[in-house]
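K.L.:
Listed here are the chains, written in short residue letters.
There are 2 protein chains.
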Amino acid sequence: MSALGWSSLGYIREVEMTARPVIVVKVGGSAGINYDLVCDDVAALVKEGQPIVLVHGGSHETNLLSERLGKPPRFLTSPQGFTSRYTDPETLDIFAMVYAGKMNTRIVERLQKRGVNAVGLSGLDGRLLEGPRKTSVRAVVDGRQVLVRDDYTGKVERVNAGLLRLLLDNGYTPVISPPACSTEGEAINVDGDRAAAMIAAALSARQLIILSNVPGLLRNFPDESSLIPSLKYDGLEQALSFAEGRMKKKVLGASEAIAGGVAQVVFGDARIGRPILNAMQGKGTVISA
Amino acid sequence: MSALGWSSLGYIREVEMTARPVIVVKVGGSAGINYDLVCDDVAALVKEGQPIVLVHGGSHETNLLSERLGKPPRFLTSPQGFTSRYTDPETLDIFAMVYAGKMNTRIVERLQKRGVNAVGLSGLDGRLLEGPRKTSVRAVVDGRQVLVRDDYTGKVERVNAGLLRLLLDNGYTPVISPPACSTEGEAINVDGDRAAAMIAAALSARQLIILSNVPGLLRNFPDESSLIPSLKYDGLEQALSFAEGRMKKKVLGASEAIAGGVAQVVFGDARIGRPILNAMQGKGTVISA
Chain A
1 MSALGWSSLG YIREVEMTAR PVIVVKVGGS AGINYDLVCD DVAALVKEGQ PIVLVHGGSH
61 ETNLLSERLG KPPRFLTSPQ GFTSRYTDPE TLDIFAMVYA GKMNTRIVER LQKRGVNAVG
121 LSGLDGRLLE GPRKTSVRAV VDGRQVLVRD DYTGKVERVN AGLLRLLLDN GYTPVISPPA
181 CSTEGEAINV DGDRAAAMIA AALSARQLII LSNVPGLLRN FPDESSLIPS LKYDGLEQAL
241 SFAEGRMKKK VLGASEAIAG GVAQVVFGDA RIGRPILNAM QGKGTVISA
Chain B
1 MSALGWSSLG YIREVEMTAR PVIVVKVGGS AGINYDLVCD DVAALVKEGQ PIVLVHGGSH
61 ETNLLSERLG KPPRFLTSPQ GFTSRYTDPE TLDIFAMVYA GKMNTRIVER LQKRGVNAVG
121 LSGLDGRLLE GPRKTSVRAV VDGRQVLVRD DYTGKVERVN AGLLRLLLDN GYTPVISPPA
181 CSTEGEAINV DGDRAAAMIA AALSARQLII LSNVPGLLRN FPDESSLIPS LKYDGLEQAL
241 SFAEGRMKKK VLGASEAIAG GVAQVVFGDA RIGRPILNAM QGKGTVISA
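Taken in order, these protein sequences are the chains called A and B. When you line the first sequence up against our numbering, it's residues 1 to 289, in that order. When you line the second sequence up against our numbering, it's residues 1 to 289, in that order.
Hints listed in this document are in silico derivations from the structure and should not be mistaken for laboratory results. Hints are supplied without guarantee of correctness; some may be wrong.
[Stated by the list, open to error] Pairs of lysine-lysine, DSS-like flavour, derived with a Cα cap of 30 Å:
hint : chain 1 : residue 1 : chain 2 : residue 2
1    : B       : 71        : A       : 71
2    : A       : 47        : A       : 248
3    : B       : 155       : B       : 248
4    : B       : 232       : B       : 113
5    : B       : 113       : A       : 155
6    : B       : 71        : A       : 113
7    : A       : 113       : B       : 134
8    : A       : 113       : A       : 283
9    : A       : 71        : B       : 113
10   : A       : 113       : B       : 155
11   : A       : 134       : B       : 249
12   : A       : 47        : B       : 248
13   : A       : 71        : A       : 283
14   : A       : 232       : A       : 249
15   : B       : 47        : A       : 155
16   : B       : 249       : B       : 155
[Stated by the list, open to error] What follows is a list of derived Cβ distance ranges for each label pair:
hint : chain 1 : residue 1 : chain 2 : residue 2 : range
17   : A       : 80        : B       : 136       : 55 to 61 Å
18   : A       : 288       : B       : 165       : 38 to 44 Å
19   : B       : 135       : A       : 213       : 42 to 48 Å
20   : B       : 20        : A       : 68        : 44 to 50 Å
21   : B       : 161       : A       : 36        : 27 to 33 Å
22   : A       : 78        : B       : 20        : 35 to 41 Å
23   : A       : 240       : B       : 82        : 56 to 62 Å
24   : B       : 245       : A       : 68        : 36 to 42 Å
25   : A       : 259       : B       : 142       : 26 to 32 Å
26   : A       : 144       : B       : 138       : 45 to 51 Å
27   : B       : 145       : A       : 144       : 57 to 63 Å
28   : A       : 158       : B       : 142       : 49 to 55 Å
29   : A       : 288       : B       : 263       : 56 to 62 Å
Note that this is a predicted model, so its numbers are computed, not measured. Glycine is no exception: its CB is placed at the ideal position from the N, C-alpha and C atoms.
Make a model of the complete structure from these sequences and hints.
P.N.:
Okay, here's the thing in structure tokens:
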């Protein structure tokens, strides 16, 4: 079977689209992530006819650039214990430079080198990822409780699935990153894992695969032997209690994806060979309805 | 008449597409350019049903970020006197951060705020702008003649017009910036004016409008009273002799656009109100076949 979109015969492409539902892959932006391995795997799967939407992060590089520009990163912690980047207008510029600029461009480049016709998009493009901006946030900043008003952060509530289908149906592989688009059209920082969950739900994806620099959900972080191999939807709330830092948002994303109709979410390891195929086959933490 | 793509009636959109050929607008990246005025004008025109492809630069911001990161910009001068940015891998990262990251994101944001459903693209996306990388360049660097091998620079020879038509036909306004995609899939720096010329030729654009921080082509730069109001294609070679610095590439772009079948190229002023409409109506330097 020819790869999706490589055929000039539209009706064959249609059959492939119906036959193979899309997989949404989120790859984190932490240190230690091997983007070459991830892109090798995307290329192998796309060439076999598996449509993929890739969503990526960039937190580690954003921290590095913020430091180099003399604007060290700051984080807000909500009363519930979730952390997010304090994103004032200057930080949003730095964020866009790293996520939509360097990271997205270099991932699209890796895929083009491997013969995948990737198209990079931020959430502003075609209002791909849209939602309300939080106009003021009560949070703990550097240990003190404050009301933050110049934070450009929000939550994705609507995905332009039409734009993604248009690209997929024409043989392109979308590569997506924040920022997203507020309902007023402003650039806003949103959580990448939860954005990927919304994308997977909007596309009725076969699977949502969330890759990071750990083997999956660990009962006792960072003890990798405490990996939880599988979990049901109704066990996710309890999982929030032992998920550390960034894993909390991934658990929340998994819960939102499954509530949105995605049959399976897998937390996989981005540091190994064929990270996506491994996760597709159940290596990591498999979460199902 | 409803705005392009705002109508849900596909056949009306088709009629509009045939009735109104696209205009390609290139807006420079020099200091003094007013992007708010340019985006106001794009919004007004798109809402009247005029399809627009916007191509932008980012040279000034790239210089600023390079300085801030302790990697001051360097320029190569060819034996013919054309200058281009010396783009080693680290410079290409900075370039992508500014052009595809900050500038592209903020222009798309401006358009989304004005109700235009913009989609940002670099030349790597869908191999939109493709051409060979110059593997070694003989040039004058900082006064000395050298052979440069780690320069990621090239020339656009092929435009993926299909991707642009797909977006335009579905109501999106493409916002394009370098880097481009080498034939091997690498990110390469290309000249934005000449890339815009290739885009205009590939789309059989009605006009190519090149906006910068001067009123047009000046016989005696920077004397604005020496503006040349109109010029024929066969006068462009002579124009190269008095065009200063960055204007040389614009003259070259104009010549390539007209050779590629674009009927009219206008050099307009990006600092005034309705800069695109003014140029459409012949204000600036009008170059025709």
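K.L.:
Each hint: holds or not?
P.N.:
Taking the hints in turn, this is what the structure says about them:
1. B/71 - A/71: holds (18 Å)
2. A/47 - A/248: Outside the cut-off at roughly 34 Å; violated.
3. B/155 - B/248: Distance ~16 Å between residue 155 of chain B and residue 248 of chain B Cα, so the pair holds.
4. B/232 - B/113: Outside the cut-off at roughly 39 Å; violated.
5. B/113 - A/155: holds (18 Å)
6. B/71 - A/113: Holds, because 27 Å separates the two Cα atoms, which is no more than 30 Å.
7. A/113 - B/134: holds (17 Å)
8. A/113 - A/283: Status holds; Cα separation ~28 Å.
9. A/71 - B/113: holds (27 Å)
10. A/113 - B/155: The given pair, whose Cα atoms are some 18 Å apart, holds under the 30 Å limit.
11. A/134 - B/249: violated (45 Å)
12. A/47 - B/248: Not OK: residue 47 of chain A and residue 248 of chain B at ~44 Å, beyond 30 Å, violated.
13. A/71 - A/283: violated (39 Å)
14. A/232 - A/249: holds (17 Å)
15. B/47 - A/155: holds (29 Å)
16. B/249 - B/155: holds (12 Å)
17. A/80 - B/136: 55 to 61 Å: holds (57 Å)
18. A/288 - B/165: 38 to 44 Å: For residue 165 of chain B against residue 288 of chain A, whose Cβ atoms are near 41 Å apart, the range 38 to 44 Å holds.
19. B/135 - A/213: 42 to 48 Å: violated (36 Å)
20. B/20 - A/68: 44 to 50 Å: holds (46 Å)
21. B/161 - A/36: 27 to 33 Å: With Cβ atoms ~31 Å apart, the hint holds.
22. A/78 - B/20: 35 to 41 Å: With a Cβ separation near 49 Å, residue 78 of chain A and residue 20 of chain B fall outside 35 to 41 Å, so the hint is violated.
23. A/240 - B/82: 56 to 62 Å: 59 Å Cβ-Cβ, so the 56 to 62 Å window holds.
24. B/245 - A/68: 36 to 42 Å: About 30 Å separates the Cβ atoms of residue 245 of chain B and residue 68 of chain A, which means 36 to 42 Å is violated.
25. A/259 - B/142: 26 to 32 Å: violated (60 Å)
26. A/144 - B/138: 45 to 51 Å: At 59 Å between Cβs, range violated.
27. B/145 - A/144: 57 to 63 Å: Cβ of residue 145 of chain B to Cβ of residue 144 of chain A: about 59 Å, so the range 57 to 63 Å holds.
28. A/158 - B/142: 49 to 55 Å: With a Cβ separation near 52 Å, residue 158 of chain A and residue 142 of chain B satisfy 49 to 55 Å, so the hint holds.
29. A/288 - B/263: 56 to 62 Å: Given about 60 Å between the Cβ atoms, the range holds.
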